[in-house]
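Engineer: The lines below spell out each chain.
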Amino acid sequence: MSEIVLETRGIKRDYHVGGGLFRPARTVHAVKGIDLKLEKGKTLAIVGESGCGKSTLARMITMIDPPTDGELFIDGKKVDMAAGDLTPEMRRKVQIVFQNPYGSLNPRQKIGDVLMEPVVINSNVPAAERRDRAMAMLTKVGLQPEHFNRYPHMFSGGQRQRIAIARALMLNPRLLVLDEPVSALDLSVQAQVLNLLADLQDEFELTYVFISHDLSVVRYIADEVMVMYFGEAVEYGTRDAVFSDPKHDYTKTLFAATPRADVESIRTRLAKRAA
Amino acid sequence: MALLEIKNLTVEFETATGKLRAVDRVSLAVDEREVLAIVGESGSGKSVSMLAVMGLLPWTATVTADAMTFQGRDILNLSPKQRRQIIGRDIAMIFQEPVASLNPCFTAGFQVEEALKIHTDLDRAARRKRAIELFEAVGIPDPEERLGHFPHQMSGGQSQRVMIAMAIACNPKLLIADEPTTALDVTIQKQILDLLMKLQAEQGMGMIMITHDMGVVAETADRVIVQYMGRKMEEADVLSLFEKPKNAYTKALLSALPENATGDRLPTVSDFAFDEAPYTGAAQ
Chain A
0 MSEIVLETRG IKRDYHVGGG LFRPARTVHA VKGIDLKLEK GKTLAIVGES
50 GCGKSTLARM ITMIDPPTDG ELFIDGKKVD MAAGDLTPEM RRKVQIVFQN
100 PYGSLNPRQK IGDVLMEPVV INSNVPAAER RDRAMAMLTK VGLQPEHFNR
150 YPHMFSGGQR QRIAIARALM LNPRLLVLDE PVSALDLSVQ AQVLNLLADL
200 QDEFELTYVF ISHDLSVVRY IADEVMVMYF GEAVEYGTRD AVFSDPKHDY
250 TKTLFAATPR ADVESIRTRL AKRAA
Chain B
0 MALLEIKNLT VEFETATGKL RAVDRVSLAV DEREVLAIVG ESGSGKSVSM
50 LAVMGLLPWT ATVTADAMTF QGRDILNLSP KQRRQIIGRD IAMIFQEPVA
100 SLNPCFTAGF QVEEALKIHT DLDRAARRKR AIELFEAVGI PDPEERLGHF
150 PHQMSGGQSQ RVMIAMAIAC NPKLLIADEP TTALDVTIQK QILDLLMKLQ
200 AEQGMGMIMI THDMGVVAET ADRVIVQYMG RKMEEADVLS LFEKPKNAYT
250 KALLSALPEN ATGDRLPTVS DFAFDEAPYT GAAQ
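If you read the sequences in order, they're chains A and B.
Mapping of the first sequence onto numbering that gives the first Met the number 0: position 268 corresponds to residue 267, and the numbering continues sequentially without gaps.
Mapping of the second sequence onto numbering that gives the first Met the number 0: position 271 corresponds to residue 270, and the numbering continues sequentially without gaps.
Everything labelled a hint here was simulated from the structure, so no lab data went into it.
Any given hint could turn out to be false.
Stated by the list, open to error - Reference listing, derived: stretches of chain A covered by chain B, where coverage requires no fewer than 3 residues with Cβ under 8 Å from a Cβ of chain B:
1. 183 to 193
2. 203 to 217
3. 262 to 268
From the three backbone atoms N, C-alpha and C, an ideal C-beta is built for every residue, glycine too.
With these hints in hand, go ahead and build the complete structure from the sequences.
Structural biologist: Quick look at the structure:
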């Protein structure tokens, strides 16, 4: 068995919603104890509707939010954010790509600076080398070196998502958390970005946590699938197991709701409509 | 006679860098009781052509067409006042972002009744009764209570139902749905699409479904128009489009669907050569 890059044991996150004049304070249990294990080089897809806690889970894995309870292991090493012992080495191991490439890039920062910033913060690589690395990364994600001095508004959505991916890869992470990376993109651009992610995974032996609500994308990219519903993992297994034999009612509803674009189902629908 | 007929519609925008042609000589026709899907990527001009029908484009746009008729009546050169009598009553539209399309300052009930107030001569009590009926028709539970709720008190799916109630308030002959489910979860998307198809069948409306999602096309359309860079690339009934697409762009679009993937990489649009593509390297 190959090495485990990510493991969580009963990880939980509560949010406290402050009360107002007429409302008592309450606690929202966003994530209610999730166990997962992910091997190196694999892709885990997390599926669920909005508000089911999948992004909260991503934030905990990326060490943005501390978990309320439970344990998080990255590369076999326990992470305890509360103790404040997060070293730059730990931070470097996990990077995240957000959903909306229009919101996740600073409009006043040139692409070169976007790419070099994580290196400045997390390591002491000399300036010339930083620049070389950023240039190399640009070509790796399918952009040109002359894009180095341009601003985000000069790029299309697909190109921006490439920039966001390049930024995440600048520190050679082990684990990449992708929070709905293609849901804001057009179909043809989505295919390009998915291909890029597959290429990069092969080249750098990356491990992906891929958050999505699009089951056709999940089916294409994932090795393992977790279905979340109201903060709980209602289904967790290999892709083939989940897709061929969904156990939980919610998973079945989800599959039934996904539009089908094959000729057979169109025929059935048209027949029903004519009747 | 077709319900809505458009011949050679062209829309140009005046921009700082010159004229931009967003829609380029597009012709289409929708019959009564027919669902036409217009599918294309962002920038393909699918929304702009329908906004031109509704007369909702900003002043920077120039709309030209050989013909644009609704029930045989010219709608290209209407005065704003004449247009308002048709829009909202005979042609209604549903937009992509339900939460953004509702006015946050007024209750859902007020906004539905407003459409009735303008286009019908129902009195106050009758309008209220009709609004309750509409809320029931679009599947909002507890309609009397819900009429008094503000948009922020409702979820995205609920808001979209209110939008649909508003759109069908005056029994339109043509319903234009501009990406009605893009902002919603799949399970909610299914409910909204089912609702739209049910209403369309019951009321015998013509419907134009604008979308970028091939799955939505497959689930709703009778006939499909594929648009790319402002041009119509292909028009076919839904079955033949999915079975044997003729145009290279349609083929590319269908093969870029992850569920149609065969190898371990997806084919992208740039892998295909276009016979009709007006610009080169535009896939990015």
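Engineer: Now tell me if each hint is right for this structure.
Structural biologist: For each hint, the structure was consulted:
1. 183 to 193: holds (count 8)
2. 203 to 217: holds (count 5)
3. 262 to 268: With 5 residues closer than 8 Å to chain B, the region 262 to 268 of chain A meets the three-residue bar; holds.
Violated hints are absent here; each numbered hint is respected by the structure.
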